[in-house]
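**Q** Spelled out, the chains give:
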Amino acid sequence: MNAQPTNTQPSHEISPQRPGRVSDAMAPDFLLTVEGLTVSFDGFKAVNDLSFYVDPNEIRVIIGPNGAGKTTVLDLICGRTRATAGSIQFKGRELTKMSENGIVLAGVGRKFQTPSIYEDLTVFENLEISFPRGRSVFGALTFRRDAEVRDRIEEVAHMIFLADRLQTRAEFLSHGQKQWLEIGMLLIQDPELLMLDEPVAGMSVAERKKTAELLNKIIVGRSVLVIEHDMKFVEDIAHRVTVLHQGKLLSEGSIAHVKSDPKVIEVYLGH
Amino acid sequence: MPKDPTSGPVDQTRRRLLMGAAALPLAGLLPKSVLAAPATAAVNTTGLAVTDTEVTVGILHSVTGTMAISETGSVQAEKLAIEQINAMGGVLGRKIKFIQEDGASDWPTFAEKAKKLLVNDKCASVFGCWTSASRKAVLPVFEQYNGMLYYPTFYEGLEQSKNVIYTGQEATQQIIAGLDWVNKTKNAKTFYLLGSDYIWPRTSNKIARKHIEKYLKGCKVVGEEYFPLGHTQFNSVINKIKLTKPDVIYAIIVGGSNVAFYKQLKAAGIDLSKQTLLTISVTEDEIDGIGGENIAGAFACMKYFQSLDNANNKAFVAAFKKMWGDKTVIGDVTQAAYLGPWLWKATVEKAGSFDIDKVAAASPDVEFKGAPEGYVKIHPNHHLWSKTRVGKAKLDGQFELIYETADLVEPDPFPKGYQ
Amino acid sequence: MFDSYSISELGSIFVMQGFAGLILFSVYLLMALGLAIIFGQMGVINMAHGEFMILGAYVTYFTSQAFQHFLPALFPAYFFVAMALAFVASGTLGMIVEWGLIRHLYKRPLDTLLATWGLSLILQQVYRSVFGPREVGVELPAWMMGSLKLTDTIEVQINGLFVMTLTVIITAVVAVMMFRSRWGMQVRAVVLNRMMASAVGINTERVDRLTFGIGCGIAGVAGSAFTMIGSTGPTAGQLYIVDTFLVVVFGGAQSLIGTILSALSISQTQSTLEFFLSGSIAKVITLLGVVGILMLRPQGLFTLKVRR
Amino acid sequence: MNPETTPRTGFLTRSQLVGIALLALLIVVLLPLTLDIFRLNLVGKYLTYAFVAIGLVMCWGYGGILSLGQGIFFGLGGYCMAMFLKLEASSVENTKIQSTPGIPDFMDWNQLTALPWFWKPFASFPFTLVAVILVPTLFAFIIGTAMFRRRVGGVYFGIITQAIAAILTILIIGQQGYTGGINGITDLRTLHGWDIRTDHAKFILYFVNAALLFGVIGLCFLVRQSKLGRILVAMRDKEDRVRFSGYDVASFKIFVFAFAAALSAIGGAMFTLQVGFMSPSFVGIVPSVEMVIYTAVGGRLSILGAVYGTLLVNFAKTTFSESFPELWLLGLGGLFIAVVLAFPAGLAGIYDSHIAPRLAKWFSRKGRTPTPAMPVSTPAE
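Residue numbers (the numbering used here), protein chains in the order written: chain A, 1 to 271; chain B, 1 to 419; chain C, 1 to 308; chain D, 1 to 381.
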C-alpha cells in the first residue's frame, strides 16, 4: 500500500489510528460478513452462493470480467436489489432486511458507476444534502445552514479539489469533477463502509492520479469496497482482491496471489 | 287541435300580418316607436335590456363539451322561434335580440354565464340549460338576480321556482301514463328498470317503481340497475334480462350509452317486436345515433314526436328543416325548447310588461295554441299541462303515435305517494 | 335470483355470460394493442389514443355511407374496406403527429402526456366542427346482425364473434410483426438502445414514425370494430382512454402477452361482477382492484422480475 | 441571475419580495378597482384554481410527481365546505315541504329519513374547517403511502391518480342520496347566518381568498427555500442518490403530495364559498388535467407563475368562449402543445429569458427575477 501521510483529518470523529495491513483475516469482528449470498433474476443467478468478509479499515477491490456480478453485489449490500438467499451482516446487523436509507444510516455509503449527482443544484447544495442531519421530512424543513455545516462542506470541498467551485451548478462540472463531487458527498456522510463503483472510469490520466491521491486520503478510518478494472489503480490501493466470475467467487487474496492464480488467468485470458 | 284555425305559428303570422295591414293607415300618423309598442318606461320598470325597438334575451346551452350533442337541437329551436316571433313583429312591438352563451357542458360555467346574462346583459329572459345539473347550478343565480329561465328538458321534478318555467315534462307526466298504458295494452306484469347512473334516471325509476308496486295490480319490478355515464358494455345486463324474462324493459339510458345498449340488445337476439321495451330517454335525436334498425319496435313515452299529425307541427317541422337543413330531426326536447320563446311572448303580452315579477305572476294559465305538440298551458306551479304520448320507433328513425292521453296531464313536481 | 330456474337454463346463462366477458375482452384488447405498442414500446403516453380510434369509427361511418350510395351491391362487404381505410387514415394521422409533435418529446415522456392531451382536445373539436356534434350510427350489413342459436337456450351474437375473430387476427398479426418481422426487430432494438441501434444502421427516426403510425392505425381498426357495438361521437374517445391505459399498465407495459392476459382478467372480472352487482358498482370494484394490484405490483401483473 | 447560486440566509430574496408585491398589487388593488363585482367574483373563482396550480408546482415541478388527480382533493375540500353550508341551508324551516324536514333536499328525494352519520359532524364549523384540510390530506397520505412505498412513480402514478379520480366520480354520482349525485351540492346560502350570495359577501370572500392565497404562496416559498425544497429537486434528478444518501425518499414524496393536496383542498373550499355549489365535475379527469395546464403555462417551477398561468388560461377561456365558443377547445389544445413544445418553462421561462435581462439592465442591480430561474429540466422518470 502506498500510504501517504494523512495531513488532512477528514473528521473529528474518526479515530486517528492509521490503517495497517490486516493480516489476521480471521479476526472475530468482521465489519462486513457476506455469506451464501444468492440473487436470481428469473432463474438467472447473477450472484451465486457468494461469501466474503471485510475487516475494519480494509480496502477490498472486487474485480472480474463483465457480467461477473460485481455491481450486483454492491446493489445487494446497499439494499438496491433484494437477495434471494443468504445473509449480509454489517457490524452484526442483518442488511438484507433493512431499508436502503436504514442501511445508509447504519454506516454504508455507495458511489454509483456513472456520476450520480444533482445537476440542478450547486456543488455546495449537493454536499449539503449529504450532510448527516435533518434527514426526516420535519428535519429537512427545519434544517438550518449553520457554521458547522458550512465549515464541514468547505473542508470536504477542499479535499475533493472543488473548493473554488462551491457555487457552480453541478451540471457544469467536468466528468472527473462530478466523480469527485460524488465521492465528496459520500465523505460528508462519513460512512464506515464506503463502496465505490469504478471511481476512475472515464478519467484522464491526471485526474486518475488525483483520484488515487484522494482515495488514499479518505480511506483513513474506514473500510472501502471498490470495483475497478484498471489493474494499475488496483495495485495502487488494494489490500486484498476478490475475483468474481459468473456470480461466484473465483479467487481471493493479495494482489500477487490473485494474479498468479491459474483460475484467474484462465478466465481473463480465456475471454 | 287541428280544427283551430289560429293554432300554427304560420297561421298566426298570417293573422298578424292581416292585422298589421289593417293598422297601416294609422302608422303614418304616429311616431314609429309608438306604432305598436307601449312606452319603454311603462313596460320595463326594473332596468332590463329593453329599448324602444329591441328586447334582449339570452340563450344558454352547451355548444362544446359532451352535452353539445344533446343541446344543439334546443339552440336551433329557440333561434327558430325567435326568428318567427320577430317576423311577426316581436314582443310588445320590440324585436327580440338574443345573446348566446356557451355553458361548455360545465356546470359552474353555466352559473357564470347565467350571471353574466342577468347582471351584465340584463336579459329579459333566458332560454336554456339541458341537464338537471346545469339547471341546479343556475337556479340560485336566477333567484338571486331575479331572472326568468325557460327550461326545455323533461326532468325529475322535485323543483318549482318563481323564476323558472319548465316547458318539458316533470317525471310523473312522462312515466305514469306510459306505465298504465303498457300495463293495460301489453298486459305487462314484470318490469326490469335500467338507467344511467345519475339523478334523473334514478328519480324517474323510483317513481316508476312506486307506481308499479303500489298502483298497478299484481305487478312487480324484477330488476333495477344503473350504469356509469358513457358505459358501453351491456352484455351482462342483457343476459340478466334473458334470465329474468321481464314483460317490460324500462330503460332510461342516456347519451352515447344508448347506442351501445340498443345495438347489443339487438345483437343478443332480443327482438323488440316481441320483447316490450319502454323508454323515456330516446327521442328522434338519439335514434339518429342509435340507428333506426337497432331500435325499431321499441316504445317511447314522450309528449311530442316529429311525426305528430297536426297543422301546427307540420308548419313547425317545415320551418325547422328550412332553417336548419333537411337532415335534422326534431325530438321532444327540441320542441319543448321551441315553446319557450312563444310562451314568454304570450306571457309578456298578457302582463303588458317585461318586468320579471309581472311575467312570473302572469305565467299561470298562459296558453300557447300554436304548440307543435298541440295545445299547452302553464300551470300555477310553472310546469306545463301537456299530453303524454306513446310512440313506436320505426326503421326510418321516426315514431309512430300509438297512444295519447285523452286530456292534458296535470304537472305534479312533488307527487304525493311517490316520495 | 337463481331460484325457479332449471340447471340447464342456468348453464346456458353462464355460457352466454362467459361469451359476454369474451366480447368485453376483445374490446379491451383491441383498444390496448395499439397503445401497448406506442406506450409499451416507445414510452409515449398517448392520451389522444381514443381520438385515433374515433377517427377509425368515422371513417367506417363514411365508408358505409359511400357504399350505400354508390355501391349498394357490395354493401355486405363494406366493412373490410372500411377497416383498411380506418387503418390507413389513423396510421397516416399518427405519422403526421409523430413528425410534428412526438419526435420532439422522446426524452420527456410526461410531456407527451400533456401534448397529446392537447391534441385530443383539438381533434375532438375538429370532429365536432367537421362531422357535427351528434352521434352517428353505422348501419351494419345484414349478415353481421342477429345471433347464432347454438342450443335452444344458448345464443351468441354474430357481431360479437366477428369482433373476437378480428381481435385474434389483429393480435396474431401484431405478434408476428413484433417478433418475426424486420420492423419488429428494429423496434425492439431501438427500444433497448437507441444509440446502438442507430449506430448499427437502423434509421431510428423512420422506425419511430412507423411504430407510432402502426400503433395509431391499430387504434383506427379498433374504432372501426367499435362501431358495431358502441357509438361514434366527437367525445366518445375520451371515455376509453383511462380504461385502455389501465389495461396496458396492468399487464406490464412492455409485454404483449401481459396486455392480453390483463385484458382477459379485467374483462372477466368486470363482466362477472356486472352479473351479480349493478353496472356502476362493478366498474368501481374492478377499477379499485386494478389500482390495488398495481400498488402491490407496480411493474404490472405479468412482467418478469428484471435486474434494474 | 440565479438565486440558487448564492446560499440563502434570509427568508426571501429581494427579487422574490418584489415579485410577490407585484402580484399582490394586481390581485388586491388593481383588479378590485377596475372590475365590477361580477368579474371580480370570476377572478376569485380562478384564483381558487391557483391553489391547485401552486400545489402542482411543488409536487410536479419540484417533486417530479405528476398527479393527474388533483381534482380529487379540490373536490374533497369543496365538498367538506359544501356539506357544512348545505346543512345550514337545510334548516327545518327552509325545508318544511319535505317529507323529512331538516335534511338536505336531495336526501329527501332519495328517501333518506335521517342524516347519515358522516354528515353529522359537518354541522360544526370548526370541525368543517379542520376536515377541509384534513380529509383530502389524509386521503393523499393514504394514496401516497400506498404508491410511493411501493415505488410507483412517473407515468404510472399519473395513470393511477386518474383512475382514482374516475372511481371517485362514479361513486359520488352513484351515491346521490349521500352526495347529491351529478347535480352536486347546490343552493348554498349562508355561512353562520351571513348570506354568501350578496355582492358584499362576494367582495369580502374575494379578499379572504386572496389573503389565503398569499399565505399559501409564502408557505411554499418557505418550503422551497428549506433544505426540503432542495431535496425535492435532488430527488427529481437522481432519486437513487438521495435514497443512498440516507433519506427515506418515499416519505418526502408523500409529504409533498399531501402538501399539494392540502393546498388544492383550500382552493376547493374557497371555490364552494365563492361559487355557491360543488359538483362531481371538479373531481374528474378532465378538470384535473386542465389544472396541470395552468401550472405548465405559468411555468412548472414558478410558484408565482402558477398564479399568472391560472389567471391567463381562465381569462382566455372566458373571453374565447364568449366570442368564439367553438374555437375554445382548439385554443386550449393548442396551448397545451405550444407550452410543451415551445415554452417548457412557461410564462416564468419567457420572463426569465426575455424580460428579466432587460429589467436587469434597467434597474442595474435590482433586476433579479422574482421567479426562480432554475432551468427546467425534465422531471425525473
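Hints are not guaranteed to be accurate.
Selected chain C positions facing chain D (Cβ under 10 Å, derived; list incomplete) [as the list claims (entries may be wrong)]:
#  : residue
1  : G43
2  : W117
3  : L119
4  : S120
5  : A172
6  : V173
7  : A175
8  : T204
9  : R206
10 : R209
11 : Q268
12 : T272
13 : P298
Straight line, CA to CA, 35 Å or less: simulated DSBU-like cross-link-like pairs of lysine-lysine [to be verified]:
#  : chain 1 : residue 1 : chain 2 : residue 2
14 : C       : K107      : B       : K245
15 : B       : K358      : B       : K189
16 : B       : K387      : D       : K120
17 : B       : K115      : D       : K361
Since the hints were derived computationally from the structure, they do not count as laboratory data.
Glycine included, C-beta positions come from ideal geometry on N, C-alpha and C.
**Q** Against this structure, judge whether each hint is valid.
**A** Evaluated hints:
no., hint, in the structure
1, G43, "8 Å, holds"
2, W117, "6 Å, holds"
3, L119, "6 Å, holds"
4, S120, "7 Å, holds"
5, A172, "28 Å, violated"
6, V173, "27 Å, violated"
7, A175, "24 Å, violated"
8, T204, "20 Å, violated"
9, R206, "22 Å, violated"
10, R209, "17 Å, violated"
11, Q268, "19 Å, violated"
12, T272, "18 Å, violated"
13, P298, "4 Å, holds"
14, K107/C x K245/B, "57 Å, violated"
15, K358/B x K189/B, "48 Å, violated"
16, K387/B x K120/D, "44 Å, violated"
17, K115/B x K361/D, "46 Å, violated"
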